[in-house]
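*Asks:* Sequence:
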Amino acid sequence: MMMMMNDDNDDDDDDDDDDDDDEAMMMIDEMMMMMTIAYHMILFHQPFWIITYYILPIVVMLVAYFRVVCYFRSMDLKQQSEERGSGVPSRWFHPRDQQNPPYLSGPNTSFHFVDPMFRSLHIGSLFLISGVILGHTYDTVLYIMGSSGTTYSYDVGSDAQLIGVFATTLNSIINSVIVVLSIPSVRIFTGTLLSLGIQKCKRAFSIPNSD
1 MMMMMNDDND DDDDDDDDDD DDEAMMMIDE MMMMMTIAYH MILFHQPFWI ITYYILPIVV
61 MLVAYFRVVC YFRSMDLKQQ SEERGSGVPS RWFHPRDQQN PPYLSGPNTS FHFVDPMFRS
121 LHIGSLFLIS GVILGHTYDT VLYIMGSSGT TYSYDVGSDA QLIGVFATTL NSIINSVIVV
181 LSIPSVRIFT GTLLSLGIQK CKRAFSIPNS D
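So the sequence shown is numbered by the UniProt record's numbering: it starts at 1 and just counts up by one.
Worth flagging that the hints you see were computed from the coordinates, not collected in a lab. One or more hints might be untrue.
Ranges between beta-carbon positions, derived for each pair [to be verified]:
hint, residue 1, residue 2, range
1, MET75, MET145, 20 to 28 Å
2, ASP76, GLN199, 47 to 55 Å
3, LEU62, THR169, 15 to 23 Å
4, ILE183, ILE55, 54 to 62 Å
5, TRP49, ASP76, 36 to 44 Å
6, ILE174, GLU82, 31 to 39 Å
7, LEU134, LYS200, 30 to 38 Å
8, THR52, GLN199, 28 to 36 Å
9, THR52, GLN80, 38 to 46 Å
Virtual Cβ for every residue (Gly too), placed ideally from N, Cα, C.
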């Protein structure tokens, strides 16, 4: 009788062990499936993130800024060739810099008006190009190094990643400031406000002479 009870207990233990093994195998299979999905997601996410967050914005901004610079340059060369053919002095010359002022040379050599917006946008576009290259290169290079299988690890939330985010954000802020300051009237107005503010600060902190 005791032998039969022991056999039943052994059978129950074997069944429990089999159930535990089955549960463990199911958990291992689920973990392997999740690891496989995560692996494929990483394979998709890394190139997708590099293209959409780094390469595509840089290419679009650089093409747009270089297009503006090339357009202004072509218009400048076209205007200079037209002025040489018609005898009109170059528009980058000021009348007082010439020996024969245009208003004394005849009606066909009148001084051509220089639009200050032209040169401001040209110079502003060059600054925007420099800002994009400097602001995005740091984070882009680190991310590509971290995702290309090298020993360098690009960890989210690390100091290197935070510096890259700060540089990219600062570049976006500076870009808007450059665009605004490319307008001559805004630049003059801003300079006037700054000079008035500096004068008021000097007056406020100046110590009157006691005679």
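*Asks:* Indicate, hint by hint, whether the structure satisfies it.
*Replies:* A quick look at each hint next to the structure:
1. MET75 x MET145: 20 to 28 Å: violated (41 Å)
2. ASP76 x GLN199: 47 to 55 Å: Once the Cβ atoms are compared, 38 Å apart, the range 47 to 55 Å for GLN199 and ASP76 is violated.
3. LEU62 x THR169: 15 to 23 Å: With a Cβ separation near 19 Å, LEU62 and THR169 satisfy 15 to 23 Å, so the hint holds.
4. ILE183 x ILE55: 54 to 62 Å: With a Cβ separation near 31 Å, ILE183 and ILE55 fall outside 54 to 62 Å, so the hint is violated.
5. TRP49 x ASP76: 36 to 44 Å: For TRP49 and ASP76 the Cβ distance comes to about 40 Å; the hint holds.
6. ILE174 x GLU82: 31 to 39 Å: holds (36 Å)
7. LEU134 x LYS200: 30 to 38 Å: holds (35 Å)
8. THR52 x GLN199: 28 to 36 Å: With Cβ atoms ~49 Å apart, the hint is violated.
9. THR52 x GLN80: 38 to 46 Å: holds (42 Å)
The structure shown violates the earlier hints numbered 1, 2, 4 and 8.
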